[in-house]
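K.L.:
Chains as they are written, first to last, in numbering that gives the first Met the number 0: chain Z, 0 to 93; chain W, 0 to 324.
It is worth saying that the hints were derived from the structure and are not from the lab.
In this text, all values refer to a predicted model and were calculated from it rather than measured experimentally.
We treat Cβ as the ideally placed atom computed from N, Cα and C, and that holds for glycine.
There's no promise every hint is true.
[What the hints assert, rightly or not] Each pair of labels, with its calculated beta carbon distance range: (1) W/E263 x Z/H21: 45 to 55 Å; (2) Z/S18 x W/D112: 37 to 47 Å; (3) Z/Q14 x W/H266: 17 to 27 Å; (4) Z/M17 x W/Q21: 29 to 39 Å.
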Amino acid sequence: MKNEWPLWEIFIRGQHGMSHRHVGSLHAPDAEMAIKNARDVYTRRNEGVSIWVVEANHIAASSPGDKGPLYEPSESKVYRHPTFFDIPEEVGAM
Amino acid sequence: MYAQMVKSEATNDDPEKLAAFQERIDRGEKIEPKDWMPEGYRKTLIRQIGQHAHSEIVGQLPEGNWITRAPTLERKAILLAKVQDEAGHGLYLYCAAETMGVSRDELTEMLLDGRMKYSSIFNYPTLNWADIGAVGWLVDGAAIMNQVPLQRTSFGPYSRAMIRICKEESFHQRQGYDAIRKMAEGTPEQKKMAQDAVNRLWFPSLMMFGPSDKDSTHSEQSMKWKIKINTNDELRQKFVDQTVPQIEFLGLDLPDPGIKWNEERGHYDYTDPDWSEFFDVIKGNGPCNVDRLAARNKAWDDGAWVRDGLLAHAQKKAARKHAAE
Ligand SMILES: [Fe+2]
Ligand SMILES: [Fe+2]
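So that you can see chain Z by itself, here it is in the shape it has in the complex (with noise of 0.2 Å):
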């Protein structure tokens, strides 16, 4: 049993012109594999149009700690928002 198989994290595009979308993961063997299984297993009822897979282990992630760090200095820059900004309305749309 210590023979497992890597877990790979499953991408699929659900309709042309979108994103691929993390819908969860699975073990296979290899990549290709990998790619067959997912097929069986995320998208049985036309959930896809694309399929990526990645080894679980190459991902890189941010740690829940580092939120802060993170994300609050965008919380101070409300000018990259449209509505920050007033435009008379004769202007008109913009």
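Starting from the structure of chain Z, add chain W with the ligands where the hints point.
P.N.:
Relative to the frame of chain Z, chain W with the ligands by itself:
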């Protein structure tokens, strides 16, 4: 319910962290795998999700039993698709459990050597085709009762697995009801088979929700943590209320003479299942416990050379590619 009598684990954590954690849950935030969580939350969820996953996998056996003997090619294709979905449900749930730091093989080993349980319902046999209809309708129907609220559970991966599962379940229940309806509306012999299936599976289905709340000691903490949303009795009552009119529509007799509409409560009264039978089945003495575990062990052992062979092949291919670079 596919996870019955999940013992909630005591927690020995820093009270301040515990309080902050509880606040997150009360605010309706989802807990993600890398977030801090109490040890008891982690352990209880591994047990609960693992047991749920095992139930999906073992649950394929009673239905798989009839795939080759389905009455028509269409019924066979439908049942095959349904059973394949259950394999998928097992996989979604194993993955959710694995995010908490337990490996797939550990979970499998614990099922195979009996340390982890699966739902008591799958230790009952499917004797004929009417049972297949009754299982889809009643067993998946009972599972849905439990799974719909669990979509709102506090643990992100579990909640997402539940959402995916719920999308697929209503097909399961409908195909079952459709199959048994054909029999209930068929020849007198067929109708008798449908009645017999409902009679036999009724109480085991009620047992799926677990013992009565007054005897279920582990609910309180789990409900606080939102890994259990409703009490066992609430869900059981809901299931009875929903199912009785469905039985009547089929023109079948109610499987329990104690079923009566209670005007005052606004619910059907019903007879409690025989809990001594339930505990006996949980202990391993149901009609099919031995068969089910033997089948899972055999599948695991017989598949060992495939798992090893594919992994060896993948490693060789990777080494060759590496050498060529
Ligand atoms: Fe399922
Ligand atoms: Fe199902």
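K.L.:
Work down the list of hints and note, for each, if the structure agrees.
P.N.:
Going down the list of hints, with the structure as the test:
1. W/E263 x Z/H21: 45 to 55 Å: 50 Å Cβ-Cβ, so the 45 to 55 Å window holds.
2. Z/S18 x W/D112: 37 to 47 Å: holds, 43 Å
3. Z/Q14 x W/H266: 17 to 27 Å: violated, 44 Å
4. Z/M17 x W/Q21: 29 to 39 Å: holds, 37 Å
Hint compliance for this structure: hint 3 alone is broken.
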